[in-house]
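Participant: Under the working numbering, the first residue of the sequence shown is numbered 1, with each subsequent residue one higher.
If you're looking for bench data, these hints aren't it; they were derived computationally from the structure. Nothing here was measured: the structure is a model prediction, and the numbers come from that model. Some hints could be false.
[Unchecked claim] Below are the DSBU-like pairs computed for lysine-lysine, each with C-alpha atoms no more than 35 Å apart in a straight line: (1) Lys176 / Lys5; (2) Lys89 / Lys151; (3) Lys176 / Lys54; (4) Lys5 / Lys190; (5) Lys151 / Lys5; (6) Lys190 / Lys179; (7) Lys179 / Lys86; (8) Lys92 / Lys54; (9) Lys22 / Lys92; (10) Lys190 / Lys151; (11) Lys92 / Lys151; (12) Lys176 / Lys91.
[Stated by the list, open to error] Computed beta-carbon distance windows for the label pairs: (13) Pro201 / Leu257: 52 to 58 Å; (14) Pro145 / His244: 36 to 42 Å; (15) His202 / Pro248: 52 to 58 Å; (16) Ile63 / Gly126: 47 to 53 Å.
Built from N, CA and C at the ideal position, the CB exists for glycine as well.
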Amino acid sequence: MKVTKPTILVVNDDGITAPGIKALMDAMAEIGRVVVVAPDSPQSGMGHAITIGKPLRLDQVDIYEGIEMYRCSGTPVDCVKLAVNKIFKGKKPDLCVSGINHGLNNSINVLYSGTMSAAVEGAIEGIPSIGFSLDDYTLQADFEPCIRFVKELALQVLAHGLPQASLLNVNFPGTKHIKGIKICRQAAAKWAEEFDERMDPHKRPYYWLTGVFQLNDGGEDTDVWALEQGYASVVPVQFDMTAHHVIPYLNNWKFNL
C-alpha cells in the first residue's frame with residue numbers, strides 16, 4: 001500500500017532567505033512534502049497584520065533545488081492566506097509550521113510576533129500549526145540543536161492533531177545542549193518601552209523604539225523559567241481571546257439604561 005506523505009506549509013516572518021526558514025524547511029522535508037511561502041523581506045513585529053488597500057504579489061522562486069517555494073510581498077499572515085486560497089486552492093495542508101524565528105517569542109512577545117501570527121492564521125484555517133523560535137537574533141544562529149525537537153513535535157502533531165482553535169508556541173534556548181521539553185504556561189511579563197528621540201538633518205524629531213523586558217512572574221511552570229533552565233518551552237495557544245472568567249463578573253453589573 002502506498003503511503004502518502006503529509007503536506008507541510010512552511011512560513012516565517014524573517015523573510016524567504018533567512019537561515020531559520022532554511023533549517024525548518026530542511027527538517028520538514030524529511031517528514032513530508034514541503035511548500036514554502038514567505039515574505040520577500042523581514043516582517044518581524046508585524047503581529048497579525050494583513051495587507052488591504054494595495055495589491056499583493058506572489059511569485060514562485062527557485063532558491064533551493066526540489067522545494068516548491070513562493071515569495072510574497074505581504075505580511076506573514078498574508079502568506080498563509082494566499083497559500084490556502086491560491087496555492088492549495090482550499091485543499092489544506094496537513095501541517096503549518098512557522099519559523100524558525102531569529103529571537104524568542106515567549107511570554108508577551110507572542111502578541112507582537114509575525115512568526116506566531118502566521119501559525120495562528122494556520123490554526124484559524126483549521127490547520128494544525130506550530131511556531132518555532134530560537135533565542136539567537138544573529139544571522140549566524142546555530143539551529144542544529146533544535147532540529148530533533150522540531151521534527152519530533154511536528155511528528156507528534158501530525159500523529160495526534162491538536163484541539164480545535166489551538167496551536168503550539170515553541171521556543172528554544174540559545175544553547176548547544178537543550179535538556180528536553182517542558183510544557184508551560186505563558187509567563188506574565190511586559191515591555192517597559194522607551195523612545196530614543198533624535199533629530200534628522202531638517203531638525204525634525206524621529207524615534208527609535210527601545211525597551212526592557214520586565215518579568216512579573218516567579219513561577220517554575222512558565223516558558224521564561226523553562227528557557228532559563230535550558231529546556232525548550234512548549235505553550236499551547238488559542239486565538240479565542242474571550243476572557244471567559246470575566247463573563248460572570250460582568251453579569252453582576254447593573255446597567256442603568
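Participant: Output the indices of the hints that this structure fails to meet, ascending.
Facilitator: 3, 4, 7, 12, 16
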